[in-house]
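Could you fit the two chains together into a complex? Lean on the hints.
Chains A and B supply the protein sequences, listed in that same order. Per this note's numbering, the first sequence starts with residue 1, numbered consecutively. Per this note's numbering, the second sequence starts with residue 1001, numbered consecutively.
No lab work stands behind these hints: they were computed from the structure. Hints may contain errors.
[Stated by the list, open to error] Per the computed footprint, the stretches of chain B lying under chain A, defined by three or more beta-carbons under 8 Å from a beta-carbon of chain A, are:
| id | segment |
| --- | --- |
| 1 | 1026-1038 |
| 2 | 1118-1124 |
| 3 | 1201-1214 |
| 4 | 1220-1229 |
| 5 | 1260-1270 |
| 6 | 1278-1285 |
| 7 | 1350-1364 |
[Said to hold, decoys possible] Per the computed footprint, the stretches of chain B lying under chain A, defined by three or more beta-carbons under 8 Å from a beta-carbon of chain A, are:
| id | segment |
| --- | --- |
| 8 | 1105-1115 |
| 9 | 1178-1189 |
Built from N, CA and C at the ideal position, the CB exists for glycine as well.
Chain residues, written in single-letter form:
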Amino acid sequence: MRRPPRWKLVAWGVPAWAIVAFLWFMAIRDQPAALVIGLAAGLVALALAAGAIWAWVAHNRSLARRREAVRGGRRGAPDVPLVVATDARGRTVRIHPGAREARVVVARVEGDDKVLAPGDAP
Amino acid sequence: MSTLNAIFQWLLLFIGLYVVVAAAIWIASAMRFALSRERQTAEAFYDIPDDDLPPITVLLPAYAEERTIGAALEALRNVDYPDLEVLAIDDGSPDGTVDVVLAHLPRDPRLRLLRKEVNEGKAMAMNDAIAIARGEVIVVIDADAQIAPGALRAIAAHFVRIPRVGGVTGNPRPINLGSWLAEMQVVEFAAQVSLMRRAQVSWGRILTMSGVVSAFRRSVLADVGLFDPSMATEDIELTWRIQRRFYDVRYEPRAVVGMGVPTTLRGLIRQRLRWGRGLIQVLLRHGSILLHWRNRRHWPVMIEAIISLVWWHLLVVLIILGFALAAVDIGGYENVSPFPWGWVAAVMTIAMAQLTAGLLIDRRYDPTATDGLWPMPWYPIGYWFIVGCTTLAVTIPTLLKPRSGTNVTWKVDRSRE
Chain A
1 MRRPPRWKLV
11 AWGVPAWAIV
21 AFLWFMAIRD
31 QPAALVIGLA
41 AGLVALALAA
51 GAIWAWVAHN
61 RSLARRREAV
71 RGGRRGAPDV
81 PLVVATDARG
91 RTVRIHPGAR
101 EARVVVARVE
111 GDDKVLAPGD
121 AP
Chain B
1001 MSTLNAIFQW
1011 LLLFIGLYVV
1021 VAAAIWIASA
1031 MRFALSRERQ
1041 TAEAFYDIPD
1051 DDLPPITVLL
1061 PAYAEERTIG
1071 AALEALRNVD
1081 YPDLEVLAID
1091 DGSPDGTVDV
1101 VLAHLPRDPR
1111 LRLLRKEVNE
1121 GKAMAMNDAI
1131 AIARGEVIVV
1141 IDADAQIAPG
1151 ALRAIAAHFV
1161 RIPRVGGVTG
1171 NPRPINLGSW
1181 LAEMQVVEFA
1191 AQVSLMRRAQ
1201 VSWGRILTMS
1211 GVVSAFRRSV
1221 LADVGLFDPS
1231 MATEDIELTW
1241 RIQRRFYDVR
1251 YEPRAVVGMG
1261 VPTTLRGLIR
1271 QRLRWGRGLI
1281 QVLLRHGSIL
1291 LHWRNRRHWP
1301 VMIEAIISLV
1311 WWHLLVVLII
1321 LGFALAAVDI
1331 GGYENVSPFP
1341 WGWVAAVMTI
1351 AMAQLTAGLL
1361 IDRRYDPTAT
1371 DGLWPMPWYP
1381 IGYWFIVGCT
1391 TLAVTIPTLL
1401 KPRSGTNVTW
1411 KVDRSRE
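Same shape as in the complex, but just chain B (with noise of 0.2 Å):
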């Protein structure tokens, strides 16, 4: 039992180490990024002739979401880009996508549908979408998401003056809310996400590209490939590849998405599930990066990723632990908490000051956040947990078969969130 009270006390150790560094190091890199780039960029940089724009093509890739999709047409006739091409994909979805679609397609004169007979899942529609694709830009949305009519003219400006850029993803907002966990999805996008990214893109590169809203250059995506139909998440993986090409990619604030979030515990755990995968696939694929110098912008990205994921399972791990030994009466805080009180507490606040700048922070783009000032320690106190389980539960299968050799198809069903 002391060999167990031991492992207890380095669990406490680790997990409160992990979270005052990771919140230090995301704190002041997020906080460059938004004194210097989002300040210091002046207006004069968006501002670009309309002749000077590049084409853009708008990828729609839907499956079974013809409740939603109309919204997301909507959102994007009202977008203001001179050359605009909207390519709607339905990957032979067994509802009334097609027909939501064709219904817009004499309202919009810039709409397109590609109509794909066969189901072949996320990657494979975007890939074969972007062979009729005339844009020089390729913009992917998705097919729940409602884009910002200023959106696309803060993506292409980064296009337009840095050529080394081959990525550009934007800031996606959860919009179907209501719920509590909708509301920590808020807190989660806002604090967490665009976070994180800020602070990624001051140590020079990043996770990924929200799949949500993600621009590609065209003739990057010819240099480094397109979409691997193999990878649960396929943004993640050619987030990575076209970094280790050393192009740039880029987070845009300014171009604001609102999406849809699950509304539901099923709907959160199988989307958290097919997160922790991919990221998990991406760093067996992508795990030579460490080997070789000249990557070493990518090191920091990839060892806080591996560092995270070894912390969720121990953070599930511990508080298993601590409540096993305080049902034994060993290792117990006054019977009540398993946990030193302190300890909680002070892990709790630095999680909060994080979550506090995180909002605080994106309160310019969306003046709503700081309201999940209210609802954020709920965060930390049950999400974490949530989160971590999910984690727990894919790594062992997904080490043992990282690849299932056909195509990942969609799992989302609207219907049951």
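Just chain A, with the same shape it has in the complex (with noise of 0.2 Å):
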């Protein structure tokens, strides 16, 4: 990761923070309850967040702890095997025997058909 120098990012960053300084300098000389008003909603607003969140993730839990009481919960990954037998434009997919190992395999299309076969490693 390459990360340009400090010095850069700070010559970046200055400008952008002066215009912050500068919004609140106007905000506090022009609307000085602007301050009080915006840090009183921010933390007003965190903490109903914060407890709407702790209901939310609690009626979560509750849902996956009764659904484990009635089924028994989900104990392994479902057993589907993979079958690719048509692509998405329904042109039957063949694979040729040995597609699934070779190191290089080439996928043409043959008329309706998709093909799968093994072609030439170097």
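Now the structure itself:
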């Protein structure tokens, strides 16, 4: 990861932080209440959010507990074999023997079929 | 004109309130994830004997990536995992991508190549590769991404320990740094994307597994189906399909993957147009989630996505309306700013509080993350407007024609980025 040198990040950042400082200077000069209102609104929102999230997570956990009590929960991953018979365009997918082991596989379209066949490795 | 002023005031209220409420929810949720999962997850969770680790196939779909795929393959060669297969897919590239992969074949016995004669897009390429993949877990990594050596072990632990896990997404970090746009994306991925992903895991469902690095249980793909090539963001759509079948999708911040980000405005706009279009397609396709009580764990993510889309539009409208009103000297603030100083200062500060929280949490995985604190204020000042405009540009066309009817093909052109 080639991070730019810190002086470059500082040089980029200083004008932006100056804008933020200017905004607060103007806000406090013209609307002194803005600071108090903004801070209070942020803290109230944070408290409400934390409460709502706690309640939502508790609800989700109770769901899982109830499901486990009734059905015993999900004990294993589904045992479904993956069979790719057709592709998204409806073409039949034909997989040649050896294609699953070959180092190089070539996919070509032959009429209404898609063929996956071993290719030439270097 | 008084009507326009009234609209302006309501927009100020909505935009400001959303920033406060959303930031509070995201910060509180992400903190909960960081404290309860990241801090308390014992090392034993990740300590799994080699014999118990499932075979993994890493898919590396590529189109015209001759400049970047070599580094991706090198990074994969250094990955520490006992039963690994790397399946590079060349989707009919016009450049030398195939030659680069072929040159790596003798060096890495775990590497295989699927060479497609016809270019059909990323989703089709991955589906074709899955048909010949041997792994029980399928990991998809972008061809310009560089995976950390221990990332696969961290991902695999979730599949081994928790049967209901259907997918795991990792922690992408921009690596092609040096420009202002790239730095904005460092801030975005650390402070916005990672923070929101942590928050969404706390809610129970996530918006998307990153296309840069995502892992799927093979049998779950068999159950829910493969990637849909007609979607602009096939990763978001598959994430929602997996979760609708009540499988868990997890976020693993230890699975760090370096990735290339657009370094030109043109590249960024193209990327965001695709993301915006993809999200709207997914919301339209899976809108019925809101009608089913059994899908209620998905509601917070869906509602948040819809409100944020509306917010991006209104933000652009607010900015244009504000300057228009100021130009005719109505609603202006001291003829300098069309917006109240306190409002702008509060919105900026809350946005930066959210970004700071994200950067501090992510510092654990990227010690340089906090360097983003310096350029951070530019993110709400300039970057929001760019993203808002792209969202605005893509909404109406997508609503009018949600699906193209043909495969979505590659739009990546590294030579122009």
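Do the hints match the structure? See the list:
Given a C-beta distance limit of less than 8 Å, the hint that chain A covers the segment 1026-1038 of chain B holds, as 4 residues qualify and 3 suffice. Residues of the segment 1118-1124 of chain B with a Cβ under 8 Å from some Cβ of chain A number 3, which satisfies the need for three, so the listed coverage holds. Counting residues of the segment 1201-1214 of chain B whose beta carbon lies closer than 8 Å to any beta carbon of chain A gives 3, which meets the minimum of three for the stated coverage. For the segment 1220-1229 of chain B, the stated coverage by chain A holds: 7 residues have a C-beta nearer than 8 Å to a C-beta of that chain, and at least 3 were required.
Coverage of the segment 1260-1270 of chain B by chain A is violated in this model, with 0 residues showing a Cβ closer than 8 Å to a Cβ of that chain against a need of three. Only residues whose beta carbon comes within less than 8 Å of a beta carbon in chain A count, and the segment 1278-1285 of chain B has 0; fewer than three means the coverage is violated. For the segment 1350-1364 of chain B, the stated coverage by chain A holds: 3 residues have a C-beta nearer than 8 Å to a C-beta of that chain, and at least 3 were required. Counting residues of the segment 1105-1115 of chain B whose beta carbon lies closer than 8 Å to any beta carbon of chain A gives 7, which reaches the threshold of three, so the coverage claim holds.
Residues of the segment 1178-1189 of chain B lying with their CB closer than 8 Å to a CB of chain A number 3, which satisfies the three-residue condition for coverage.
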